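Trainee: Here are the chains, one letter per residue:
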Amino acid sequence: MYLSAQNLYKTYGDREVVRGISFELFPGEVLGLLGPNGAGKTTTVGMLYGLVNPTKGQVTLGTWDVHRQGRQARQYIGVVSQENNIDPDFNVLDNLLTFARYYRVPVAEARARAELLLKQVDLQDRAKDSPEDLSGGMKRRLVLARALINNPKLVFLDEPTTGLDPDARQGFWRFVSSLKEEGRGVLLTTHYMDEAERLSDRILLFKDGMIVGGGKPQEVIAQEVGQEVAEVEGVAVGMLEDLAAKAGTWSYPFGNSTLVVLPAQAEPLWQALVELHPSRLTRRRANLEDVFLRLTGVGL
Amino acid sequence: MNLTKSFTESVSLWGVYSVWRRHVDVYRVTWLSNLLPPMSEPVLYLFAFGAGLGPMIQNFDYLGQTVSYPQYLGPGMMAVAILFQSFFEGAYSSYIRLTFQKTWHALLTTPLSYTEVFLGDWLWAATKGTLGGFITGLVVVLLGLYPWYALLLSIPILILGSLLFGACGLVSAGLVKTLDQVNLPTFLFILPMFTLSGTYFPRGNLPGASRWLAEALPLSPIVDFLRWPLGLPEYWPWQLLWLICMVLMAAYWGWSAIRKKIFL
Chain H
-4 MYLSAQNLYK TYGDREVVRG ISFELFPGEV LGLLGPNGAG KTTTVGMLYG
46 LVNPTKGQVT LGTWDVHRQG RQARQYIGVV SQENNIDPDF NVLDNLLTFA
96 RYYRVPVAEA RARAELLLKQ VDLQDRAKDS PEDLSGGMKR RLVLARALIN
146 NPKLVFLDEP TTGLDPDARQ GFWRFVSSLK EEGRGVLLTT HYMDEAERLS
196 DRILLFKDGM IVGGGKPQEV IAQEVGQEVA EVEGVAVGML EDLAAKAGTW
246 SYPFGNSTLV VLPAQAEPLW QALVELHPSR LTRRRANLED VFLRLTGVGL
Chain P
699 MNLTKSFTES VSLWGVYSVW RRHVDVYRVT WLSNLLPPMS EPVLYLFAFG
749 AGLGPMIQNF DYLGQTVSYP QYLGPGMMAV AILFQSFFEG AYSSYIRLTF
799 QKTWHALLTT PLSYTEVFLG DWLWAATKGT LGGFITGLVV VLLGLYPWYA
849 LLLSIPILIL GSLLFGACGL VSAGLVKTLD QVNLPTFLFI LPMFTLSGTY
899 FPRGNLPGAS RWLAEALPLS PIVDFLRWPL GLPEYWPWQL LWLICMVLMA
949 AYWGWSAIRK KIFL
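Taken in sequence, the protein lines are chains H and P. Numbering-wise, the first sequence is residues -4 to 295 according to the numbering used here. Numbering-wise, the second sequence is residues 699 to 962 according to the numbering used here.
Certain hints may be false.
Unchecked claim - Distance ranges between label pairs, derived from CB positions:
{"id": "1", "chain 1": "H", "residue 1": "E11", "chain 2": "P", "residue 2": "T876", "range": "25 to 31 Å"}
{"id": "2", "chain 1": "P", "residue 1": "W846", "chain 2": "H", "residue 2": "T157", "range": "55 to 61 Å"}
{"id": "3", "chain 1": "P", "residue 1": "Q879", "chain 2": "H", "residue 2": "Q64", "range": "35 to 41 Å"}
{"id": "4", "chain 1": "H", "residue 1": "P101", "chain 2": "P", "residue 2": "W846", "range": "37 to 43 Å"}
{"id": "5", "chain 1": "H", "residue 1": "M205", "chain 2": "P", "residue 2": "Y715", "range": "42 to 48 Å"}
Derived from the structure by calculation, the hints contain no laboratory data. Remember, predicted model here, so these are calculated numbers, not experimental data. Note that beta-carbon positions come from the ideal geometry of N, C-alpha and C, so glycine has one too.
This is chain H alone, in the form it adopts within the complex:
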C-alpha cells in the first residue's frame, strides 16, 4: 500500500501556498520533507491525510482516495501532529484506549495493544499518570504510541522532535527507525537537517510551496554541494567569491560567516583560505543544510 500525491495545489485567497506537489511514498521507506518555515510542508501533510482540502490535485493511499474515501484511508494512517493534542483529562493508558475506540478496535485487543505500545515507547510505568505530568519527550512518545494504536501502514510525523532536548530526540529517532523496520511507510517533516539526514531514505526539499530538489540524502549532498565545505568569518565576501570561482566552486554568505565549497582537490583552496588569516575558519563535511542554502538561499 503506497501513498501517492498527484499535482497538489493549495490556495488561501490570493496566496498560493502549495504549487504542484507530486511524489510517492512506499512501504518501509522514510521520506523526509524539508524546508524553511512557511515552505508549505505542514499544509502538504494536512492534504495528505485529509485535514486540508487541496484546491487542486489528488491523494491516494492504495486504492483509496484520501479526500473522497477518508474514512477508509485513515484506517491505515497514524498521525503524530506538531501539537501534543493529547487528552489532558485522561491518563496515559486511557488516551490510547479512547483512540482505539475511534478505530473500532475491540476492547480487549485495544488494551493489549496499548500496553504493548506503552512498553515499546518506555511509558509502561506511567500508564496511570496524567499526561500533564510527562516531560516533553514523553508526551511526544505518547502521541507516537497513540498514532500506532490502529497498527497503521503509514505514519505521518510532523515536526516530531521540535522543542525536545538532544537526548529525547535521539530516543525518538530510535522509535522512528523501528517503524521502518516493521515495514511501515513514514513521512517525516522536519527542519532539523541532522534528523532528516539520519532517518530519511529519501528527501524532498520544499521552497515556496514547490519541490526544488530531492533524492537520497548523501547523493543530494554530493550532487548539489560536494564532499567538504569551509566556514569563513572575518574576510570580505567578494574576495571569497573570487577564490571559490577560481577553484570552480561557489560561496554563500550566511549570518556572520561565508560558506565556501571545497572542490574534490581541496588543498589549494583550503591553503588559500588559511593564508587570508580569517578570524574563524572551519573545515567540515558538507551536509543537508548546505544543500538547502544552495537550493533555496534560505538558512534553516
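Given chain H's structure and the hints, the job is docking chain P onto it.
Mentor: Then chain P, alone, in the frame of chain H:
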C-alpha cells in the same frame, strides 16, 4: 438526494457514539467540578426569587389559571438550566477542545468524519443541557412546584431546547476568535433570553416592541412548553415549528462555521 447520500456515507452511529462517549468519559472524571457550579445557579435563582421575592408577589393569572410566583418560576428555572448547560458546553468547552486542546484535529486523524465529530459534540452539549434541566426539574418537583409526571413528560422539551442551545453554543465556538469573545454572545444573546423570555415574569408585561422581540427569542417557546401543566399559548404549534426551524438553522450554521475553522 445527493445530500442525504453524502450525509449517510459520512455519518455512522458508531462514529457519533464514540465521540459522545469520549465526552461522557471525561465528564465521569471531572463531573464534580463541572456539574456543581452551573447547576447551583438555577437552583440558587429558584431559592432567591422564589423564597425571597415570592412572598412579596401575590398569586396572579397565567393563561386563565391562578398561580403562585414560585409555581410560575419553577419551569422558568428548568429552562435556564437547559440554556446555560448546553450553550456553555458548546460555546466554551467545544471552543477549548477546538482551539487549545486541538481535540477535534486529533479526532480527524482517525477514520471519524467531521460530521461525526460535530454531531458527537452537539449531542454531548444537548446531553448536558437535558441533564441540567432534569436535575433542576427534580428540585422543582421536590419543592411541590411541578408534578412529577409532568417532569417525565417534559423530557422531549428538555431535549429539544438543549439541542437548540447546544447548537447555538457551537455557532459561537465556530465564530469567535478568542475565548474572551464568547462574552459577546453571552451578553447580547444569552442574558437577554435569560431575563426576558418569560422566565421571571410574563412577557406580556414588557412594553411595546420589546414584547414582540422577547416572543421571538428562542428560549420563549421552551419556557412556555415547560409550563404546559398550566396551559399552552394558542399559537403553540407555530412556536414548535419556529423552534424546530431554529434547531436546524443553528445546527447547520454551527457545522459550517466550525468546518471553516478546521479545514482551512
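Trainee: Taking the earlier hints as the rules, which of them does this structure contradict?
Mentor: Those not satisfied: there are none.
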